[in-house]
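Colleague: Residues per chain are reported as follows:
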Amino acid sequence: MVKIITVYGSMLTGAMGRTLLLALLGLFFACIIGLFFGLLSVVRNKVCNIISQVFVDAVRGVPMIVLAFFIYFGIPYLFNTIIGGFNVTLTALQAGSACLALNCGAYMSEIIRAGIQSVDIGQMEAARSLGLPYGKAMRKVVLPQAIRTMIPSIINQFIITLKDTSILSVIGFPELVNTAKNVQANTFMAFQTWAIVGIMYLIVITILSRSAKVVERRLNVGR
Amino acid sequence: MLDGKMIKIHAENVKKNFGSIEVLKDISTDISEGEVVVIIGPSGSGKSTFLRCLNRLENVTNGKVIIDGIDITDKKTNINSVRENIGMVFQHFNLFNNLNIIDNMTLAPIQLKKCSKAEAENRAREMLKRVGLSEKAESYPSQLSGGQKQRVAIARSLCMQPKIMLFDEPTSALDPEMVGEVLKVMKDLAEDGMTMVIVTHEMGFAREVADRILFMDGGYIVEEGTPLELLMNPKEKRTKDFLDKVL
Chain D
1 MVKIITVYGS MLTGAMGRTL LLALLGLFFA CIIGLFFGLL SVVRNKVCNI ISQVFVDAVR
61 GVPMIVLAFF IYFGIPYLFN TIIGGFNVTL TALQAGSACL ALNCGAYMSE IIRAGIQSVD
121 IGQMEAARSL GLPYGKAMRK VVLPQAIRTM IPSIINQFII TLKDTSILSV IGFPELVNTA
181 KNVQANTFMA FQTWAIVGIM YLIVITILSR SAKVVERRLN VGR
Chain B
1001 MLDGKMIKIH AENVKKNFGS IEVLKDISTD ISEGEVVVII GPSGSGKSTF LRCLNRLENV
1061 TNGKVIIDGI DITDKKTNIN SVRENIGMVF QHFNLFNNLN IIDNMTLAPI QLKKCSKAEA
1121 ENRAREMLKR VGLSEKAESY PSQLSGGQKQ RVAIARSLCM QPKIMLFDEP TSALDPEMVG
1181 EVLKVMKDLA EDGMTMVIVT HEMGFAREVA DRILFMDGGY IVEEGTPLEL LMNPKEKRTK
1241 DFLDKVL
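Protein chains in written order, with this note's numbering: chain D, 1 to 223; chain B, 1001 to 1247.
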């Protein structure tokens, strides 16, 4: 155990850093995707609702590992070989964060839709009756209230996404699991290696969920 | 023109369907400036729906609604600018839960650039004083009683300086001892000459404040008249039956 920490410690923390980078990139774009499709699903427009529903169903209906292979291997092959004339190459980080963003974005979209729909319709009606346009009423009245109910689910989704980065070891991104595999191969100390990796995930996720609780409490002013 | 006064609200053959259900079958009426019109009738008669058609919270299926000369049933009408002049008070208050009382009242005036932030706050405090809730300016809606919430809701509408006020069963969700305080605010408003359309079950209030009462049933205006005519001497059988039950 001590040997692994002294010899491979910096390698593993570096890998954790890359895991976090991947997760942050994925989550950042997931928020944008989620907000976009979440809003599309609540506006009073059939076409927008259907587009959002198709996106969510498509992404949710495919295992993330398939999505990862599809983006990392499938997309370049489509452009370079099937269509031809392109020279698309994706790094594992690009493909990995795109994969996380799409996957998490689909779930975020559902969280945001449910959050907005949980706000009493009267809030929107009162805002509109004062003459506020739909967008302003949404931004100033409905969304701030929706976010409060969404926060626990969003944090949950963040944690799932952070853990899902481990799946992206299959496309060769040197995040924590991928790196730990090398450590195990070099040391043959399977128990110690995976115990350390497990504890590392545990620490990061505990910090994340604890600080999220603080944010949640702060947002509850006036309730 | 009615009694030499401007017609503020003109409804003409208004029909409203929800799916296959006809809620409003054929409603026509004119409401003139400063008039206080109370709408009564059994539940499901379309009172609230009709009220909500007057600021296009519901789109009419057929017919016309003209507010201050502007046809709001015309899709091209900018409904937001018309709504700035029509205050609405809801049964469930609908104060914005995420904002304190002052922010509730200043949100629309500031966002719609009706005035500066300072002016908006001044006016809000003035309105709060008028409804007797000056000390609640920094409170949140969840800290107020039902009656207080409804008085704030009325004050919030008044901050937009509307020309018309719509009230959708403003006292129906209140505890009995809080009904009076809300009705008093509404009565003051009526005495100040506000054009008001009120859906209510408060017959005593209707008798006291209304210039005209509309009795609605089954999607029609069955009978209308002054409180004296309609409440004391109804002509239609359906009006009589209804009044027998509620009075």
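Calculated from the structure, these hints are not laboratory results.
Check each hint, because a few of them may be wrong.
Okay, the calculated beta carbon distance ranges per label pair [said to hold, decoys possible]:
hint, chain 1, residue 1, chain 2, residue 2, range
1, D, Arg44, B, Ser1142, 27 to 33 Å
2, B, Ser1020, D, Leu78, 45 to 51 Å
3, B, Lys1113, D, Ile203, 49 to 55 Å
4, D, Ser118, B, Lys1075, 54 to 60 Å
5, B, Ile1021, D, Ile65, 18 to 24 Å
6, D, Pro63, B, Ile1070, 38 to 44 Å
In this text, all values refer to a predicted model and were calculated from it rather than measured experimentally.
We put the CB at the ideal spot given by N, CA and C, even for glycine.
Colleague: Now, for every hint given, state plainly whether the structure supports it.
Modeller: Comparing the hints with the structure gives:
| no. | hint | in the structure |
| --- | --- | --- |
| 1 | Arg44(D) to Ser1142(B): 27 to 33 Å | 29 Å, holds |
| 2 | Ser1020(B) to Leu78(D): 45 to 51 Å | 49 Å, holds |
| 3 | Lys1113(B) to Ile203(D): 49 to 55 Å | 50 Å, holds |
| 4 | Ser118(D) to Lys1075(B): 54 to 60 Å | 31 Å, violated |
| 5 | Ile1021(B) to Ile65(D): 18 to 24 Å | 50 Å, violated |
| 6 | Pro63(D) to Ile1070(B): 38 to 44 Å | 56 Å, violated |
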